[in-house]
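Order-wise, the sequence lines are chains A and B. Per the numbering used here, the very first residue in the first sequence carries number 939; after that it's consecutive. Per the numbering used here, the very first residue in the second sequence carries number 3; after that it's consecutive.
Derived from the structure by calculation, the hints contain no laboratory data. We treat Cβ as the ideally placed atom computed from N, Cα and C, and that holds for glycine. A portion of the hints provided could be inaccurate.
The following label-pair restraints were derived from C-beta to C-beta distances [unchecked claim]:
id : chain 1 : residue 1 : chain 2 : residue 2 : range
1  : A       : 1020      : B       : 348       : 46 to 54 Å
2  : B       : 463       : A       : 1078      : 48 to 56 Å
3  : B       : 182       : A       : 946       : 53 to 61 Å
4  : B       : 13        : A       : 1057      : 44 to 52 Å
5  : A       : 1001      : B       : 203       : 17 to 25 Å
6  : B       : 377       : A       : 1050      : 24 to 32 Å
7  : A       : 1050      : B       : 420       : 39 to 47 Å
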Amino acid sequence: MSASPLAARRDLLALVLDSLVPAGDGFPAGSVALEHVLAMAAASPDVASMFERALQAIDDATGGFARLGADERERALGRVEEAHGAPFDALVRHTYDGYYSHPAVLGRLGLEPGPVQPRGHRIESAELPDLGRVVARGPLYRPA
Amino acid sequence: MTAGSASDRVDVLVIGAGAAGAAVAWRLASSGIRVVCLEQGDWVEPRAYPHWRDDWELHRHTDWSAEPNVRRLAQDYPVNDAASPISPLMFNAVGGSTIHWSAHFPRFRPSDFRVKSLDGVADDWPIDYGTLEPYFDLNDRMMGVAGMTGDPAYPPKSTRQTPPIPLDTLGVTMARGFDRLGWHWWPSDSAILTRDYDGRRACVNCGPCDLGCPIGAKASTDVTYWPKAIKAGARLVTRARVREVTLGPDGLVDGAIYYDRDGRERRQPASAVVLAANGIGTPRLLLNSRSPRFPDGLANRSGQVGRYLMFHPYAIVRGVFDEPLGGYRGPIGCSIISQEFYETDVSRGFVRGYSFQVARGLTPIASATGGSIGDRVAWGRGHRRAYDERFDRTITVAVIGEDLPEAHNRVDLDTALADTNGIPAPRVTYTLSENSRRMLDHGIARAREALAAAGARAVAVNPLLRPGGWHLMGTARMGRDPATSVIDAEGRCHDVPNLYVVDGSTMVTCAGVNPTSTIQAVALYIADGMIRRRA
Chain A
939 MSASPLAARR DLLALVLDSL VPAGDGFPAG SVALEHVLAM AAASPDVASM FERALQAIDD
999 ATGGFARLGA DERERALGRV EEAHGAPFDA LVRHTYDGYY SHPAVLGRLG LEPGPVQPRG
1059 HRIESAELPD LGRVVARGPL YRPA
Chain B
3 MTAGSASDRV DVLVIGAGAA GAAVAWRLAS SGIRVVCLEQ GDWVEPRAYP HWRDDWELHR
63 HTDWSAEPNV RRLAQDYPVN DAASPISPLM FNAVGGSTIH WSAHFPRFRP SDFRVKSLDG
123 VADDWPIDYG TLEPYFDLND RMMGVAGMTG DPAYPPKSTR QTPPIPLDTL GVTMARGFDR
183 LGWHWWPSDS AILTRDYDGR RACVNCGPCD LGCPIGAKAS TDVTYWPKAI KAGARLVTRA
243 RVREVTLGPD GLVDGAIYYD RDGRERRQPA SAVVLAANGI GTPRLLLNSR SPRFPDGLAN
303 RSGQVGRYLM FHPYAIVRGV FDEPLGGYRG PIGCSIISQE FYETDVSRGF VRGYSFQVAR
363 GLTPIASATG GSIGDRVAWG RGHRRAYDER FDRTITVAVI GEDLPEAHNR VDLDTALADT
423 NGIPAPRVTY TLSENSRRML DHGIARAREA LAAAGARAVA VNPLLRPGGW HLMGTARMGR
483 DPATSVIDAE GRCHDVPNLY VVDGSTMVTC AGVNPTSTIQ AVALYIADGM IRRRA
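Here chain B stands alone, though its shape is the one from the complex:
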């Protein structure tokens, strides 16, 4: 092993260069703190994206799949998800999973932080919306958000950086459906620029944001936070796969051991460590960091590391219309959102609620193979007609439900599976709760109504999307009680006060919206606490 010398020692080691790690690295470095970040992936060069190739859509199910078990790149690690009806999705690169995300960017709502008090389920967060509000705003400025203020589903927000993404015929059609029912809808807050902003270009509506954005209009953190973090002095080491976080004789963490791009074992000493490796990577790393003091994994005296895994279970409801909708153009995951059924109404048969995320239509291949529903168009002499009835005539409504934290849903280590460096891989065990199932069923029925009101002549449903584990949350959760949580209200591990967690693992509850805006706001809030205590 190449040992890190005293001169290599940094103030803070950040592990993971995705949504949260980038935000923290920038914030800390901008305050004069010496930061190094270890990232197991690499930079993605703009020309490497498939968008520049004729066969761009074919890559969605091969080397640009969001599923690491499908993609199997050298920088990926396998995940045993055999005991889960939802497959975890992630990307390992500078920018992390923001390379692949659709950049739908809603915030959590105030009630999302007070679930126990308001609805008697799960737990309250030890922080609230008001505490995070300035960090939401700061993060919006850093990422660049398209949208419009005035949404009555939220407390007033600051001015969005650019106008909303175009609704196009598809979005307008669906909005009319919601209007006919008297339901809430609003143009999505999207971390996608519709005007040039902060040195970045506006979106050209090419469509497949889920394969990355080769022009930097979508806010992946390799084009938002990282250039600024590096300018502020942060050092980013790529193709650096961390094996374990190490503990000093004083019971504090003192760095990490990692493998560099040539497979050499190295050590990075640090005065504090920040974990930002996502809701599966972070518990995996903690559980792999064993010592006599922590035989069951670092910061895991409570046995809570890896528990309370939450996904957002997705149901997909797709309407077919008679007229062309232009659904192959524009940001694929965003047009409008409805939060009509977001807050608890126990008469519905479940607690908490969900959002409708109205996405674009199906791209040419997905129209044939059925996309996220998988109902491929019939082959044979009826094919041509069946295809034409579907292509450019669909609207996809995703029902994104709030999953409640349950201790038996968890990440632990697989006893046989390992990555290319021999580091034990994570195993995911997850069961969809009865509350989530009832919630999704309610959402499916309401989505059918909304699509019918918008003019759909047929509807197809996937009641639970398997490759839908975009949001990995809750596995090192925040709380005041060391017996039932892993980190405190400042992001510090109860057991090891110079070890921080800032990614989706921190989340106490997961709300009924996409989490990245909130994950980053929490990360910035934790970073400011670190700065304050250092001052």
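Chain A with its partners taken away, still in its complex shape:
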């Protein structure tokens, strides 16, 4: 079985994702979302088509995205976003989905990576603000 058109362009896709979310401040670059993005494309022909259109537009706009420097890549992506809003937006949103569910990113955000159950979150017990002012206004409802 041949690889999907998108999987065959995973190197380009990874570069694009890294430009959408550059590494920095201890956070990984966007290509940590690559497997998620490919999985979404594999699960939906509509999503795959959007991503392919976005990549094609990037190719057409740059004639070789990999050759460009960081500034040029960002400017090129800006032009693609302007001309091909819907497919580009789909790619960005799925990148964010994959990126901000990745354990390395969640850990860097200060969250415990992994499922929210059974651990939950600890909330320090805090006194309620004084409700005396609210109560002192008397009934706020209309008798009926």
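Position chain B relative to chain A; hints supplied.
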């Protein structure tokens, strides 16, 4: 078709196992009435919830979406909502949409039942707050409510079952904003346990109640009413999709035809039928139940079935703060409520009013994609900074306005769309009224003030939330006049006295608060009437 025999006949057939159906089934079965409930969904196993998975948040927009048109599970039916700016949300399972709800649990207020008398708009209910008060209390005990008494926005309430959910830094910050303005606020009544209660565990503040609660701390009716209803003798049949309610030669309903989980057509005979399929599912079922006596749909001589659809139109106002607020932890839909602008003041330019429902902050993915406002964080080299300025630094204030009933807002049947059993799907036609628009605009402006008073440095707004049709109401409404309503003050259809409606369809007006507490109180009140008349 597998015909139901005389021995299969039950006293009451309940259709739908959600908030209202569960309450009615429990109440009736506890009184010795033979009850069977048909539910098109299934039980949700605790381990099936996404909370146990690393990628839990991704499921909010796929298989755990609250939108049936997005989720598209086998037990869902499609809804044509192309002619509505608000998409209906629902879930088909034991527990119904309480599986997905945020469990914000305010009651309607006394004035909500007297809208015509007090404000000259819409209609009065044929029942009042005083009539429902014991049922509010009973329902609170069954569901388990976290909160505190003393709220001056309501007549005195009975003791809440557990203390309020924690306000955390976020709730306290917003409360201070309301205090600075001198406005009302109170910790939300929430159907979420903060202490163990009635065999259920306390909440661990994991956050995404909207994806369900895998530990049963949130009061979905699969963990509250249903275990008790089944113990009392009610029989619950899952993956049973009702096609039509059938009419006997005497003009009374005598059961329903449904498809079982294997797609076989079956019949369930019954002496009475209770519809609890939500404000879209119930009119859909009535309109699909045609007969020579009711060619336009069962109990629809008046032509009112499906009309007067009300949503709660939501505007979302989100403030961004400089300091971390802990908004990713704690029950997502609840912290505090303000009813400062709830009662009518015509100087505001609209009648009736609204509440502020202060929810938690944005979860990690929603912080990037913009959540219910959709303003995704910029990509590129500015991304990191822009994201950090938003994550854990937002408070969301939802403006939930009272929608007035209008006949042209309606549910009818789609001529082309159908579910997997070939049953015609519902079509929703809805226009936001000028009164609702003015109300939301007022709420947006006041929410901006409140967020600024709380210290927000920036505010973003969604003036009307499209995937915000959580509350489906009014489509088989209660009233004394058979020409302008579908059911009477006891929940019986004017046209067919052994056919009852108990879900959000019953609502004459929709108030400016979440409706489930009131829907369930009305359902229990109707059930008691059935018991009384049988005695």
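request  = If any of the earlier hints don't hold here, list their numbers in rising order.
outcome  = 2 and 5
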